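Q: Chain by chain, the residues run as shown.
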Amino acid sequence: MLLELVDVEVAYGAVTALRGVRLTVDNGEIVTLLGANGAGKTTTLRTISGLLRPRAGQVLLDGEPLSKIPAHQLIRRGVAHSPEGRRIFPAMSVRENLLMGAFHDRKHVAEDLERVFALFPRLKERVSQAGGTLSGGEQQMLAIGRAIMSRPRLLLLDEPSMGLAPLVVQTIFEVIAQINATGVAVLLVEQNAAQALKIANRGYVLETGQVVLEGPAGELLADDRVRQAYLGEDVGPPESPAAPPVQVGEKIL
Amino acid sequence: MTTTATHPSPAPPTPSGSGLPPSIGKWLTEALFGRAGLRMLAVCLGLGVLSAIVTGPGSTADEPFDGIRRSVIDPRIVTFLLLGVALWVVVRVTPLVWPILVRGFEPARAQVTELSRQRYSPIGLNLALLAFAILIPLALGAPARQSLVNDIAIYALLALGLNVVIGYAGMLDLGYIAFFAIGAYATAYFTSEKAINVHSPVILNPFFVFPIAFVLAAIAGVILGGPTLRLRGDYLAIVTLGFGEIIQLIANNSEFTNGPRGAFGVPHLSIHVFGFHYEWGQDPLPYYYLLLGLIVITMIAFGQLERSRIGRAWAAIREDEIAAEATGVPTLRLKLLAFAIGASVSGFAGVMYASKQFFNPQTFSLQASFLVVTLVIFGGMGSRLGVVVGTVILQGLAFVLRDLVPATDRLIYFGAVVIIMMIFRPQGVIPSRRRKREIKLSEAGIGGADSLGAAPTAAGSQT
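These protein sequences, in sequence, are chains D and X. Be aware that the first sequence starts at 63, since it is given in the working numbering, and climbs by one per residue. Be aware that the second sequence starts at 69, since it is given in the working numbering, and climbs by one per residue.
Accuracy of the hints is not assured; some may be wrong.
[What the hints assert, rightly or not] Straight-line Cα separation of at most 27 Å, DSSO-like style, residue types lysine-lysine; simulated pairs: (1) X:LYS508 / D:LYS186; (2) D:LYS186 / D:LYS169; (3) X:LYS504 / D:LYS186.
[Unchecked claim] Sample of chain X residues with no beta-carbon within 10 Å of chain D, all distances over it, derived: (4) LEU149; (5) LEU151; (6) PRO190; (7) PRO205; (8) ILE390; (9) GLN435; (10) LEU472; (11) VAL473.
None of these hints come from the bench; they were simulated from the model. Everything numeric in this text was worked out from a predicted model, so none of it was measured. All C-beta atoms, glycine included, are put in the ideal place defined by N, C-alpha and C.
Pulled out of the complex, with its shape left as it was, chain D reads as follows:
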């Protein structure tokens, strides 16, 4: 097992954020972590990457506990974290941002840059522009690009679709699938459950710090509770006909 969380409990002071989370990610998988705001998704990722420490339970990478390993060394172990809100370096150029991703290992920088530019041609066009002046979608591309500069085995992505236009979300998810196809396991935190479940192998649903539902992505997509809570569908009769799609050119009002 690549990554395993065993009964992880995390607290911010007196507030318990995670209560006994169990979760696994195997080599080459895409696993998605769904849940509403405040369910503990970001906390889970931050605990895995060492930015937070569990109060109880363990995070295991290749079966070894990570409790003593500082966050910045995790990248050497093959875990890259693209944090919530993208957190690119705003005053650094696109190129510098990407170089930061390869901070610990500079042997393959040129090659890795090319790989990122192949995935995101848009970044190549803006290579010397300041990160903070990019559009939201480009910043997300940069955040993902920076994360994969370190050649991770496991990529932690925190809400890559946040605040992006649907078309851009589409692109981002396609690239995530491409990255996964090269053998990188992905743990994907998302609110956009429909998109996430489409590319994921398995999924977990978090509610108030606990895993309330888990299973293969297909099963979760079909689950009434997921459809109602996260896909915004009206779960009436199982085969309720979808509303007729609006024709192009048709007057809506």
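Assemble chain X onto chain D, guided by the hints.
A: Showing chain X alone in chain D's frame:
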């Protein structure tokens, strides 16, 4: 348009007393005597009165308001009120005529922009500055030369060191002068039998104390930084402030340091190699050139450091510490490194100072620490040339003011210059390119790297 009279001017000219075209007259009246204009007049007159009081006669303990009363009735006040009116006119009228002025200057401005875009040879510029720095003391009198060493060159070196901490790594260190004290007292301990109440078993030439002070200050930096660099922005500032105070209090109260009397008779620097003997004596010039050499070497070394991978990692820490940690930057270790480098430069400067000059605990006051912070921010955080030029300007100003205004008032002018600077040019005299970009972006609400190390938390942590 002038030849054909088919379009008569639609607006018939109205008579105007001032002879100006009506729109400009109205314009001015509105700008000066409108609501905002009158409010500004009140502010400017208030500033005039305030300046009159500040620069006027002082009060006694018995009559605390006597000074104010005498300032206000003195005819001098008229000058200040007129200055206030002038300020009012300038402040209100400049924005109106600014576009016209700018249009007039457009060709020149374009030329300057063009010049600044061109990749001029920085080596040529730097050599010119260096030549200036070498020649300038020859044109100065003895007191100015002393000041050039004690107030400018030493502080430029200190500012360069603190620039690594503040400008590169984005941490606010308010106790920086403590490392300077450590260097100075180490020199007294190692080089003289009587400078302070203790001395080392082996008496050394001050030159040998440079590496010792370098290491000692770095160790002190690591000891202080190790447990405290985990703290964010403001907390770190308070802890370092406390450290600076502790060192000064120890210097003041310990038997070993000779207490408030300070250290007398630390020998001057001297070289004795292969029959060659030279001693730096009372004359400030040799010290000046030695310091100049040190400053140049430091600037070159820090330039390399800034462009290195470490420099980029510091920039990352400054911009977003969490993201830096997540991308594999050992943030704590690099912050410690910046702290230790800054401290050792300060220790170095301490050796220079001690061998040049009598010192006592007063030399290492809180005010000195604040002064170095001010020099760095004034000159331009992160810019090596900027902090040196800033030091020359501010400390030069202090020297000039020494003869012009009473000693007690000097800091008022000093403060005013710094405040004005921060309002109109917060990025400093010569900002670093990266810092300029950071400030511009953070004014647009992106990132927070100009807030001195308080890592931006805009993206927030979700529970």
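Q: Run every hint past the structure and note whether it holds.
A: Here's how the hints hold up against the structure:
1. X:LYS508 / D:LYS186: holds, 24 Å
2. D:LYS186 / D:LYS169: Judged against 27 Å, a Cα distance of about 20 Å means the pair holds.
3. X:LYS504 / D:LYS186: Roughly 24 Å between the alpha carbons, so the hint for LYS504 (chain X) and LYS186 (chain D) holds.
4. LEU149: holds, 46 Å
5. LEU151: LEU151 (chain X) clear of chain D: closest Cβ-Cβ about 40 Å, beyond 10 Å.
6. PRO190: holds, 20 Å
7. PRO205: Correct as stated: the minimum Cβ-Cβ distance to chain D is 38 Å, above 10 Å.
8. ILE390: violated, 7 Å
9. GLN435: Holds, because the least Cβ-Cβ distance between GLN435 (chain X) and chain D comes to about 33 Å, which exceeds 10 Å.
10. LEU472: holds, 41 Å
11. VAL473: holds, 40 Å
This entry does not satisfy hint 8, going by the numbered hints stated previously; all others are met.
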